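Chain residues, written in single-letter form:
There are 2 protein chains.
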Amino acid sequence: MISVVILGAGNVAHHLYKAFFSSEKVTVKQWYNRNIKTIEPFKNEVNITDDLSQLTEADIYIIAVSDDAIAGLSKKLPFEKRLVVHTSGSMSPYDIDKKNRRGVFYPLQTFSKSAEVDFSTVPICLETLVRTDYPLLQKLGKAISKNSRRVNSDQRAALHLAAVFVNNFTNQLYRIAHEITESQGAEFDMLKPLILETAAKVQELSPYKAQTGPAKRNDKKTIKKHLKSLENEHHKDIYKLLTTSIKNTHALSYQQSSKNKTNN
Amino acid sequence: MISVVILGAGNVAHHLYKAFFSSEKVTVKQWYNRNIKTIEPFKNEVNITDDLSQLTEADIYIIAVSDDAIAGLSKKLPFEKRLVVHTSGSMSPYDIDKKNRRGVFYPLQTFSKSAEVDFSTVPICLETLVRTDYPLLQKLGKAISKNSRRVNSDQRAALHLAAVFVNNFTNQLYRIAHEITESQGAEFDMLKPLILETAAKVQELSPYKAQTGPAKRNDKKTIKKHLKSLENEHHKDIYKLLTTSIKNTHALSYQQSSKNKTNN
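Keeping their order, the protein sequence lines are chains A and B.
Add 3 to a position in the first sequence, counting from 1, and you land on the number used in this note's numbering.
Add 3 to a position in the second sequence, counting from 1, and you land on the number used in this note's numbering.
If you're looking for bench data, these hints aren't it; they were derived computationally from the structure.
Quantities reported herein were computed from a predicted structural model and do not represent experimental measurements.
Heads up, a few of these hints could be off.
Since the list can't tell identical chains apart, any single copy or any two copies may satisfy a pair.
Claimed, not checked - With a Cα cut of at most 16 Å, we get these calculated EDC-like pairs of lysine to aspartate or glutamate:
id	residue 1	residue 2
1	LYS227	ASP71
2	LYS224	ASP70
3	LYS101	GLU43
4	LYS223	ASP192
5	LYS239	GLU182
Build the full structure now, drawing on both the sequences and the hints.
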């Protein structure tokens, strides 16, 4: 049984708490938050506190607070030489105060208050500064996910950046699609199966192979039609830039097909 | 029982053929393609032909060929006053030769050769130039999908354009994420659950409400870090443009939060 203390009460902390609470291999010995009100609903399940001097002993301390608050909170911890990890994609384990043993426990998923998360499929990126700490952190990862693995800081930074593209930026494309459909009295709902299928397709195929559409075909007529119908200049810029990006990615086959055309 | 003839043998034609073939309410009387080889594997199931003069009588003729070929093929049809529809998102029903009754049967989904499609969830956009033709086309839509509805040409054009954003452009963001992770020896596979969850989230929440991340929070430190680590200038441009787009979308709450900060 691994004992943990959770520090913080944002979305990640809440979802981690639930996952640990449901696991037979983990005990949440305590949950700390600066503002105790947020975690009061859980006081019958777990020891809660808003007082760092009251922190209890545990195998692993999990700092699940905003990036900017990690260093400060880790400095205030009233103990040393224990294993302390944060849950951030972009911060270094060195951002944790060096009086403790340090590591990272970064779940690569989007968490919101309302949506339930099946943690067993969430990839968890694990890192410890000292090799001998790794097996314990790995055990914690395996206790809640089938998909935890060692990821160094450079790899984690790349994953965090890539996550912005596939999550935040993709979601903004959905938003623009929402604006485009609504502006013509069409229903955004009609795009939902396509949105799901687009995500499902790259679970099997590479994004390179999954690509279709006017930019990949270099279908100038349709591209021109689309650009003409886009009223928002900003949307037009995004259309142009991503069309060029697709053309660059598929440049070889595109050059070949225009070469063929010239030969005809 | 509605009888149809399919013209063309691309991805859409293949998937439509399968869906019609499985429906008890539809008979595929004939399948035409210029190159008969493509449809020869189906010759034991359906009458096939490569000769337009041999086209049989049917309730609806479905032209599922590339946009540029629709007008020409429709001109060559050796009959008149029958119901002829195309399956294109961006072409008008007027692109079909006027000797026949005209309409559109546009399935809004991404089709590839390999992937199976559950047609019952595919939205189908229906349009007929003459009102009295609509009930028959509607019946055909309902025979294969729970999700068919009347969509005029302006709405269909908006959906087709929006589909480029949620499908082709989103897929290109996946591709860029692939490049970013591989460049650091990280695994693109680790992003796959996030890709699915991002698509799943907007099935319930609006994209506006589903948004999270550094651009929405206006987290300048992380944005700066990300821009610094992007080596590809083109990826940098996409990062900047989509970050600005998210900021614009969430401008009100952003202005309010910076106002609050100033007041503190």
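Outcome of the hint check:
1. LYS227 with ASP71: between (45 Å within a copy, 14 Å between copies)
2. LYS224 with ASP70: between (47 Å within a copy, 10 Å between copies)
3. LYS101 with GLU43: neither (31 Å within a copy, 71 Å between copies)
4. LYS223 with ASP192: Cα proximity of LYS223 and ASP192: none, with 28 Å in one copy and 33 Å across.
5. LYS239 with GLU182: within (13 Å within a copy, 25 Å between copies)
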